[in-house]
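Residue numbers (my numbering), protein chains in the order written: chain A, 1 to 211; chain B, 1 to 211.
Just so you know, these hints were derived from the structure itself, not from any lab. For clarity, every value in this text was computed on a predicted model and none was experimentally measured. Every residue gets a Cβ at the ideal spot worked out from N, C-alpha and C, and that includes glycine. Misleading hints may appear alongside valid ones.
Unchecked claim - Lysine-lysine pairs mimicking DSBU-like chemistry, simulated, CA-CA at most 30 Å apart:
id, chain 1, residue 1, chain 2, residue 2
1, B, Lys63, B, Lys208
2, B, Lys63, B, Lys49
3, A, Lys208, B, Lys49
4, A, Lys208, A, Lys63
5, A, Lys49, B, Lys49
6, B, Lys125, B, Lys155
7, A, Lys110, B, Lys208
8, A, Lys49, A, Lys208
9, B, Lys155, B, Lys110
What the hints assert, rightly or not - Computed from the model, here is a short list of chain B residues facing chain A with C-beta under 7 Å:
id, residue
10, Ile12
11, Glu15
12, His150
In case you want the letters, here they are:
There are 2 protein chains.
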Amino acid sequence: MQYDYIREPQAIYDESFRQIRAETPALAGMPEDVTDLAVRIVHACGEPKVAEDLGWSDDIVRKGRAALVDGAPVIVDCRMAGDGIIASRLPADNTVLCPLTDERTYAIAKEIGNTRSAAAVELWKPDLEGAVVVIGNAPTALFRLLEILHEGAPKPAAILGFPVGFVGAAESKEALIEAAHFGIPYMTLRGRRGGSAIAAAALNALAKNNQ
Amino acid sequence: MQYDYIREPQAIYDESFRQIRAETPALAGMPEDVTDLAVRIVHACGEPKVAEDLGWSDDIVRKGRAALVDGAPVIVDCRMAGDGIIASRLPADNTVLCPLTDERTYAIAKEIGNTRSAAAVELWKPDLEGAVVVIGNAPTALFRLLEILHEGAPKPAAILGFPVGFVGAAESKEALIEAAHFGIPYMTLRGRRGGSAIAAAALNALAKNNQ
């Protein structure tokens with residue numbers, strides 16, 4: 001028995017994005033380049049409505065893309081987010097770092113009285129200046145990033161903040177939006193939704209302009 | 001500056017699941033063991049409403065869990081789904097296989113006129129009998145799995161079918177539900193939503209009974 005479905009990758013891709021653009025009225029209220037990220041985010045989760053809850057700074061694409069072209073490393077808060085990043089799209093063979101996998105996070109977490117995801121942020125510091133940060137999982141990682149920025153840590157080039165969940169996710173993203181005074185370009189999804197697929201999709205859209 | 005957020009992992013976990021159980025009325029209509037998977041799925045995406053669109057066979061937990069305890073391999077359609085599987089929860093040091101990474105998928109895709117995700121399904125065959133299949137990405141992988149089952153391929157022990165997207169995702173999952181005559185235990189999420197985080201969450205819930 002054969003099922004009736006589209007088998008050609010380009011046709012699947014084109015039809016997906018056609019549907020997304022047709023069903024996501026929120027795109028009309030965004031700068032053109034920001035829609036690049038929005039459509040990929042909608043594509044990643046199958047939910048056009050998430051576009052209504054996106055938050056961003058108007059310079060996120062211009063500055064985030066420029067940073068990647070300049071060779072900025074990408075720092076992810078979890079392996080799933082790193083796995084969603086399409087390496088062939090990265091413009092300068094950019095390194096993708098996931099310090100969460102570092103064994104030192106166990107001891108640091110105990111020391112600072114926080115989660116391992118937040119502990120990993122201490123290990124972001126050497127590479128943080130000018131990096132593109134991608135948070136796809138942990139609210140505590142985003143909160144901790146904001147805390148170290150208040151403490152004077154070097155500034156990343158951009159923050160794609162998409163932690164997901166019921167405890168702290170929505171709050172951490174509101175905190176990111178309210179931290180606009182740092183002048184760090186960002187994109188985020190308000191509320192509980194988020195996750196690695198969405199975060200990686202945003203990074204993939206930043207990496208290469210081909211919408 | 002310090003933000004006010006919960007930093008203790010167990011407290012985050014407990015409060016998350018308390019909120020989920022409080023806000024997901026659809027749980028009341030499910031067998032108790034199926035709610036194990038449903039709460040983890042809701043946790044993974046931050047969206048209690050997805051519980052209303054879940055589909056399952058009543059034996060999915062009993063048989064899926066038994067298969068894992070018996071040492072069944074886990075076959076994933078993409079690396080992100082594999083990455084979301086918590087190895088320490090697997091009851092029998094179960095192997096997690098991701099044939100999509102096999103270079104042969106390029107040639108097979110051309111040969112069969114399908115996506116690489118569907119091509120990878122050909123490479124599932126040697127390990128398919130009694131395996132636990134986890135689809136977190138590609139509708140074409142789920143359609144292809146159903147096609148080979150119609151062709152007489154060995155039956156997996158369970159199918160966690162959570163492809164995501166705008167082209168074929170909803171249809172492939174309806175096809176899975178309609179293929180109940182195969183008698184293969186399954187769980188799925190109707191419609192466009194799905195993805196690796198959800199698929200891996202379902203597998204993690206199957207792997208270990210600790211709700």
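Checklist entry - Going straight from one Cα to the other, do A/Lys49 and A/Lys208 come out at no more than 30 Å? => result Holds. A/Lys49 to A/Lys208 sits at ~24 Å (cutoff 30 Å).
Next on the checklist: Run the distance test for B/Lys63 versus B/Lys49: straight-line Cα separation, threshold 30 Å.
Outcome noted: Given that 30 Å is the threshold and the Cα spacing comes to 26 Å, the pair holds.
Checklist entry - Does B/Lys63 pair with B/Lys208 here, judged by a C-alpha cut-off of 30 Å? => result Answer holds: B/Lys63 to B/Lys208 is near 13 Å, not above 30 Å.
Checklist entry - Between A/Lys49 and B/Lys49, is the straight-line Cα distance small enough, at 30 Å or below? => result holds, 13 Å
Item to check | B/Ile12 as an interface hint toward chain A, with CB separation required under 7 Å | outcome: holds, 5 Å
Checklist entry - Holds or violated: are the alpha carbons of A/Lys208 and B/Lys49 at most 30 Å from each other? => result violated, 34 Å
Checklist entry - Is the Cα-Cα distance between A/Lys110 and B/Lys208 30 Å or less? => result The hint holds at about 26 Å.
Checklist entry - Can the restraint linking B/Lys125 and B/Lys155 be considered satisfied, given a maximum Cα separation of 30 Å? => result With Cα atoms ~9 Å apart, B/Lys125 and B/Lys155 stay inside 30 Å; holds.
Item to check | Restraint outcome when B/Glu15 is required to lie within 7 Å of chain A by C-beta distance | outcome: Holds. Min distance 5 Å.
Next on the checklist: A/Lys208 and A/Lys63 were given as a pair; does the straight-line alpha-carbon distance stay at or below 30 Å?
Outcome noted: holds, 13 Å
Item to check | Supplied contact hint for B/His150, tested at 7 Å Cβ to chain A | outcome: holds, 4 Å
Item to check | Pair hint outcome, B/Lys155 versus B/Lys110 [Cα-Cα no greater than 30 Å] | outcome: This hinted pair holds, its Cα atoms lying about 26 Å apart.
In summary, the structure is inconsistent with hint 3 from the numbered list given earlier, while agreeing with all the others.
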